[in-house]
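K.L.:
Let's have the full structure, built from the sequences with the hints guiding it.
Number of protein chains: 4
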Amino acid sequence: MMDEEKIVKDIVSGQIKLYEVEKHVDNDNDKATELRRRAIEKLTGQDLKQIGHHNIDLKQALKANIENCIGVAQIPMGITGPLKVNGNFAKGEYYIPLATTEGALVASVSRGISVINACGGAFAHVLKSGTTRGPVCRVDSLDKAKEVMDWVAKNKKKIKEIAEKTDPFIKFSDIESYLVGKNLFLRITYDTGDAMGMNMVTVASDSVMSFLEDKFKLKHIALSGNMCIDKKPSALNMIKGRGKSVIAEVTIPRELVEKKLKCTPEAFADVCYRKNWVGSGLAGAYGFNSHFGNIVGAMFLATGQDEAHITEGSHGFTTAEVNDDGDLYVAITAPSLMVGTIGGGTMLGTQKEALSMMGCWGPGKTPGANAKTFAEILGSVLLAGELSLLGALAARHLTQAHVRLNR
Amino acid sequence: MMDEEKIVKDIVSGQIKLYEVEKHVDNDNDKATELRRRAIEKLTGQDLKQIGHHNIDLKQALKANIENCIGVAQIPMGITGPLKVNGNFAKGEYYIPLATTEGALVASVSRGISVINACGGAFAHVLKSGTTRGPVCRVDSLDKAKEVMDWVAKNKKKIKEIAEKTDPFIKFSDIESYLVGKNLFLRITYDTGDAMGMNMVTVASDSVMSFLEDKFKLKHIALSGNMCIDKKPSALNMIKGRGKSVIAEVTIPRELVEKKLKCTPEAFADVCYRKNWVGSGLAGAYGFNSHFGNIVGAMFLATGQDEAHITEGSHGFTTAEVNDDGDLYVAITAPSLMVGTIGGGTMLGTQKEALSMMGCWGPGKTPGANAKTFAEILGSVLLAGELSLLGALAARHLTQAHVRLNR
Amino acid sequence: MMDEEKIVKDIVSGQIKLYEVEKHVDNDNDKATELRRRAIEKLTGQDLKQIGHHNIDLKQALKANIENCIGVAQIPMGITGPLKVNGNFAKGEYYIPLATTEGALVASVSRGISVINACGGAFAHVLKSGTTRGPVCRVDSLDKAKEVMDWVAKNKKKIKEIAEKTDPFIKFSDIESYLVGKNLFLRITYDTGDAMGMNMVTVASDSVMSFLEDKFKLKHIALSGNMCIDKKPSALNMIKGRGKSVIAEVTIPRELVEKKLKCTPEAFADVCYRKNWVGSGLAGAYGFNSHFGNIVGAMFLATGQDEAHITEGSHGFTTAEVNDDGDLYVAITAPSLMVGTIGGGTMLGTQKEALSMMGCWGPGKTPGANAKTFAEILGSVLLAGELSLLGALAARHLTQAHVRLNR
Amino acid sequence: MMDEEKIVKDIVSGQIKLYEVEKHVDNDNDKATELRRRAIEKLTGQDLKQIGHHNIDLKQALKANIENCIGVAQIPMGITGPLKVNGNFAKGEYYIPLATTEGALVASVSRGISVINACGGAFAHVLKSGTTRGPVCRVDSLDKAKEVMDWVAKNKKKIKEIAEKTDPFIKFSDIESYLVGKNLFLRITYDTGDAMGMNMVTVASDSVMSFLEDKFKLKHIALSGNMCIDKKPSALNMIKGRGKSVIAEVTIPRELVEKKLKCTPEAFADVCYRKNWVGSGLAGAYGFNSHFGNIVGAMFLATGQDEAHITEGSHGFTTAEVNDDGDLYVAITAPSLMVGTIGGGTMLGTQKEALSMMGCWGPGKTPGANAKTFAEILGSVLLAGELSLLGALAARHLTQAHVRLNR
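Protein chains in written order, with our numbering: chain B, 2 to 408; chain A, 2 to 408; chain C, 2 to 408; chain G, 2 to 408.
Read the hints as simulated data drawn from the structure, not as lab findings.
Errors might be hidden in some of the hints.
No copy labels: a pair is met if it fits in one copy or bridges any two.
Dumping the calculated DSS-like pairs for lysine-lysine here, alpha-carbon to alpha-carbon at most 30 Å [to be verified]:
| id | residue 1 | residue 2 |
| --- | --- | --- |
| 1 | K218 | K157 |
| 2 | K158 | K172 |
| 3 | K129 | K157 |
| 4 | K157 | K260 |
| 5 | K261 | K145 |
| 6 | K85 | K261 |
| 7 | K147 | K161 |
| 8 | K129 | K60 |
| 9 | K159 | K7 |
| 10 | K92 | K18 |
P.N.:
The structure is reproduced here in structure tokens:
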């Protein structure tokens, strides 16, 4: 078609900017995406056929998830399970979708799941739930800062009112203040129901800050002053938690350890201690675990969570100990899982299917029920991942497994 | 087809395990993937049409990237650029693929790029390059440990020989030892050319450890003792670096700051200081930056990097200062970018296209040249991301931008 | 005296153990100390005349501060000030005793004080006050742990009652619970008035734990499970504070900076930023300051604080910025000053004199008033120390000053 | 004496400044100290008799250790031992001086020593030795920074030459460079023989920096850019070590554990794991130990080490495990003990006596031999301290012991 060629040419020449394509095609997102891709093919001399192959709802995606779209990255999705979970919210057997490019990961998780199932399932529980924003403003003096901090401590009800006016689904939980020189940091925690909620809490916190800045003549610095703290490794989130803080545990009879993990409970606990605790301690790590990052990563990609939150998901603890009767007890504590089952990437096709597969897409029956279900499942999969890798290490299988599956 | 229905039924009933499907269909990966997906649809009552829509080379993927495949996660890919980079390896203008589900991210990076380009491009440089493994073994006494540590310090040539025998592309760089009680940790660093190289270094380290364990009668504990440290937040990687350590910088004339970022150099530097340094310091963070995680995440997904390495990529530093002549200088230091341009996820269709678009897929002209090119581009995009977000904060645009683009 | 010689001989031969000397001399602590010293002189061939020279009340000391006493370490004490403090509790001018062996330290603090005084004094404030214990017990299952955590969250009144029964001066403030596998950590915070209070909180926490362990059949592990966390560097205390959290600030007119600190406000703020924030950030430090440790150390030794708490005192933040009108604003935030004005080392002669010199020995008019006075003074001295060292660095005086004063 | 009264009066009135007293009494340090003290007594209305009671060599002290002296802090010194050490340098039995005001500490260490001795002594070893300075300078561009970093990496011999010209006793070991934006940090490591050496390395580093700044036209920022890192808690020193890095270990037969520590090897190892590793890990601590700070503190005060270095001494690791034959193995790794046996506080009377008692005051037979002897002894005392406290916790004795000894 003449017109299309012309548009592609104009993109190539720079007459039409990458973000302007939509308006030249009557906001037809599919067409715009195609033309943009064709222009990039010309500009880079690279065929982008696979990137162009998808059936995503671009109208939806371009409204909320992406700009300048040219197609998709196809990340292979494997399936494993069913995994038996005994949670407060997750109760039953779940098939687990994992999107990853790391060979051996799905197989590894599967092995862990088979151990958990043989023990009757994982116990899982959401210890805490809260999404945070940590704005920073400048106060002119210590006296002024004291005044603000005192007021904030005593007027949480007023702040709650301001925050909750911004969104019917947000619930204010708490506000803390921290003072470093003239820098007054607030850390505001909200319950955001089934949504991961970063946008909601940003809007609510903006409203709170506008109020406080007006009232006390504070100088606004940033809505995020990194005391949230978002998408960065930190002791703060490890200690206080962010998003969902989840614990999952299983007790594995000795003979099962020997049969399925090919090691003894003692060897397993020993590897866990020396690697996850001594090694991580020596490294100044906030991850006292084996590979939370892998499991969080693969489940986040499959289900439309924000990939940058993999960072926070990789924080946390794995403990293993031999019970008095000789069985093996293993648990994970994941303090900072930023997950949601509605909004953001969860609205996209494949991601929605993946969440739906576990029965937890969308708003829960009670607010937050689906997100907590998902968090408990995720915690249980983390446990499966740890079981498998630590078992493999204990049985000195790591290298061989990788070579076989990955080369 | 009769057979297919039967296989699906058998998967559903558990007669055929999820990983056994291939052998019932003559190792036809496409067919196996389809049948597995159909079985999961039945098992979960969830249609998985979109997950099934892809044109990935499953034969390749199932060999190296995934097990129990049922299809793909489609992650929207946006494009931005061209970004001008003046690196040691990356020289020229690059279109940047970003796969993400976070609305506003591509737009945000685009804004940063336009600032960088208006300044003649970003300067970028790979300060260090090295992939590490940190095995741990048990020594029976301090005397024995001293003997091993001394030997290791004096026989690096021998260790190099052993390590390099395992792979023609691996180059041994260094080995360090750390002793905590009976736990002897080694941290071995290798140059792995254009590959991210975790599998290579695992195999090489296994060989080194086998040798040492035999020679000194050490007890093997784990090939990874978390002093690597892989996919966990840590001071170790922040300080010593892992993968590529990259720095990128730009100097922005004052009038450009005002015009494009709608703030002053002073306001920009002020936000950077209070948020990235004071806020992150107070949070006990290893990320003194604004949102490395977002950019690393989106480029990793687009180009087939390991998503769990987003954790390490989120470590690092952003500095901003006003020069004597009133212009704004901004730089990022990213100590731990675990990237490759060959192997792993880079071999998949869309990922390969994305890397090729930047001219850096596959082995470089000299070993490592493509990976370093990619690292310098990534560093420059990190810089663009920081410019845009810090600028937006400085101009108090954050909320509004998010609301407009993301709702 | 015959008897004495015999006792010395018996100590030397091992007939009398070091801790048994008292009972051979009718519990005369001075005599026992002398004989023990004489025995050690014989055993080591080293004259200990100076160690033996003191006028400490050994009866008091041997009851509460030391065992097997042989005399004292004499730590030189310098004096500086008066320092003008505008605090909530500390109001007025204070002479500051500093016990140290580090040449140049008193001189350095004096310089800082003269700057503060020239500005009308330091503003200081205790942001938080609370001494913590963090016991750990073992729970047998996640279900049990949930039960305990829920109960604890809902029955703080009961816990308060149990805790406060142990001591008339202790006030329970809060209890938090953290779960990692089977390890249930509690962190209990108390107000301990003018005492530093570690012994009080240990006793109170023991009572709380005994109750909880009985009620829920928990397995006691340790009264201190390192979530206190006592005398170790930690993000926990940096973020949440322990003991007194103090802030102190001063605004210094530009001409005064130039005259007294021989540098510009800009140079001062620049050094503070690059050293205390960028340098410390890169080092993975919990001390974003220049030398809190020196000042905390010297004041702790002079006033009988626990020297091991110097560790926690060295955590914290120094910020410097140039105000809009060109003046220099400098502040310190010290989150974790474990101080008291009664009990422990404060009961000894020289230490009591040193505290009394500042008018804050013993119990305050209202409980805690003296300890808070001391904390505000200490915060102001920290500020003086930072002013001086940062100023010296900015004026590139460090080496010269050290060489002149210390060699 | 008339004159004296006049001088005191003039100090009180401010005519004579605190640091000017010496010149009014012909530099008679004893007299000046006395008059200053008398003036302070008048100014504060507080008798300072005990502070004035000492026999310190004030001439020496006022030259190198203190300014504005008014007397001393008397810190009670207890003695324990002899402790049997099997080190590389420390070989034999040592009486251990501990200066502290914390009741129960000497008794606690004594108990640990008796356990160690019953096992034939502690094995101890200095793993590393090196004092560091971390200057920071500003470079104008990445290109320039690369040039400097390359030059530094290739010209260590030249730098060694420059550094060693400043002092006959200093030996340059290594220099590393770190770049964050325009901030170029160097970390220079030296062997300073038997001296702790901070002054030596400051002078040497100043010389190196002057050279580099001239050669490359760098802007000097600070001789200490906190990448030393001195007297602050940090992952850097925990991981890489500073001063002496020491390990000490002991294996305790099961029956001895039961008899002397009143617990089982299993209970001991269990408490060590849950408290020192899980608790400290959760707290974001750099101290995976029980109370290094106490022991380091008491030995530092007794022997004239810099009290601010207690912070670094409190970093480190304690591990405990049950051997295959059921015995208990316990070890400490203390990465950062900043100690010396000559210079600084070690030149003062009581401190010199305390070091001499262990036969390690002054310069060693070979350079550094005495400092290493002392470090190995200190490591062994740390081990004793951990044995005792962990044993007490395991036997649930903590509260009782404190109450009995300390009240």
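K.L.:
Are the hints correct? Go through all of them and say.
P.N.:
Cross-check of the supplied hints:
no. : hint        : verdict
1   : K218 x K157 : within (19 Å within a copy, 37 Å between copies)
2   : K158 x K172 : both (12 Å within a copy, 26 Å between copies)
3   : K129 x K157 : both (20 Å within a copy, 19 Å between copies)
4   : K157 x K260 : neither (55 Å within a copy, 40 Å between copies)
5   : K261 x K145 : between (63 Å within a copy, 28 Å between copies)
6   : K85 x K261  : within (17 Å within a copy, 48 Å between copies)
7   : K147 x K161 : both (21 Å within a copy, 28 Å between copies)
8   : K129 x K60  : neither (36 Å within a copy, 43 Å between copies)
9   : K159 x K7   : neither (57 Å within a copy, 63 Å between copies)
10  : K92 x K18   : between (50 Å within a copy, 23 Å between copies)
This entry does not satisfy hints 4, 8, 9, going by the numbered hints stated previously.
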